[in-house]
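Please model the entire structure based on the sequences and the hints provided.
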Amino acid sequence: MESSAAQGRPQPPTAYRWLVLVIISLAMFGNYYAYDCISPLADVLKVQLKFSDSGIGLLNAIYSIPNVFMVLIGGIIIDRIGTRRGTLLFGALCFAGAAVTACSGTLAVMATGRLIFGLGAESLIVAVTTALAKWFRGKELSFAFGINLMIARLGSFVAQLSPTWAKPAYTHWQAPLLIAVGFATFCVTGPVLYILLERRADKRYALAAGGEADKVVWRDLFKMSPSYWFMVALCVTFYSAIFPFQTFAVKFFMEAHGATRESGGQLLAMLTLFAMIATPLFGLMVDKVGKRALFMMFGSLLLVPVYLMMAYSEVSLLVPMAMMGVAYSLIPAVMWPSVAYIVEQKKLGTAYGLMTMIQNIGLAGFNLVVGWSNDHWAASAANPAGYHAGMWIFSCLGFFGLFFAFMLRRSEAGPHGHGLETIRAKAD
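First residue of the sequence shown? That's 2 in my numbering, and the numbers climb one at a time after it.
Below are the DSS-like pairs computed for lysine-lysine, each with C-alpha atoms no more than 27 angstroms apart in a straight line:
no.	residue 1	residue 2
1	K140	K348
2	K224	K292
3	K135	K292
4	K140	K292
5	K135	K348
Have a look at the derived ranges for each label pair, beta carbon to beta carbon:
no.	residue 1	residue 2	range
6	R81	L197	17 to 23 angstroms
7	T165	A93	28 to 34 angstroms
8	T423	W373	43 to 49 angstroms
9	P169	R200	39 to 45 angstroms
10	P385	L302	23 to 29 angstroms
11	A109	G183	20 to 26 angstroms
Hints are computed from structural coordinates only; laboratory data are not their basis.
Every residue gets a Cβ at the ideal spot worked out from N, C-alpha and C, and that includes glycine.
So this is what it looks like as structure tokens:
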């Protein structure tokens, strides 16, 4: 009866859809701020708490380690309980994790907090992504993902600039983490407001069904199309090249290029700023012209030289940061919305969860590997060349990204393609 009634209802107005997007993106803002609060604090943790680079790498690696398993489970939970309860559940975990991280200066407690935060954060991203696909599928999907990530990365931008706008807080390790707890409240308030908006929409508009997933057959998860797996591989290579770099970036800028903490945070924030601007623009462009795999090949080409430029040249760091920011914008603008075109809505949470699960293997591994590399080669202000090995690791990931983008384009040009090179947004 409810289904029949819903068929006679109008589609949600464009303004209502975008209001939903902005509200649910608040959760992503808080999520991204809390994740990125570690990098500007790295040298303070080293001096005041005697953390090594391996320990600092652990704080972000342990965020990813449980998600090798949990994020797939989170995707299945989202498909089962729906995006509303899913966003609230995982947002609450984000807030709890940020609070635990700030409560003690011991590595074990802080790492526990980051683990709890990670359990919620990646699954929250999956829930928000699934919600956006529900509201924008067949509409301005790539542009919507771009705006969502622009708001989310504003959280990163504010965190990375915190040594400038919250400079007095960096005299003690705990104060910046308490600021992060404050921003993490958005991880809860955003989902609460989203639930209220969607419940109101249920009574007035025709919405795509959500949360009625079939029973998950585990072996079917690995029967996804080749295009899906090439997109997964691209996500792994891109994010493994960018997020572990961010973990050590401010410290690297200070010790290898003589930057202050404030200017190092500003340089890292430039990466986020370029990505904030480029993501919705690329999303809008992809909605208009298609050519998704071609865009990813372009992004991979940008990513290959940036780390070697920072390691071996005297070029202004603004140049590689801008290049990396543009490349960084392409995954959310191109790949994440593309999944919605090749996977059924009722299994979309699981598909995003599987993608994020594999992505977190890369994030955990490369945070640990690069932290070990910096310690092994004694990377420091006295030995800036110790960072070179890590820069080569990141650069090699760009080459792999180029290969997987080529394979995606080849797959989509074949008889089993899904139209990722040709699909364009429908008018409202």
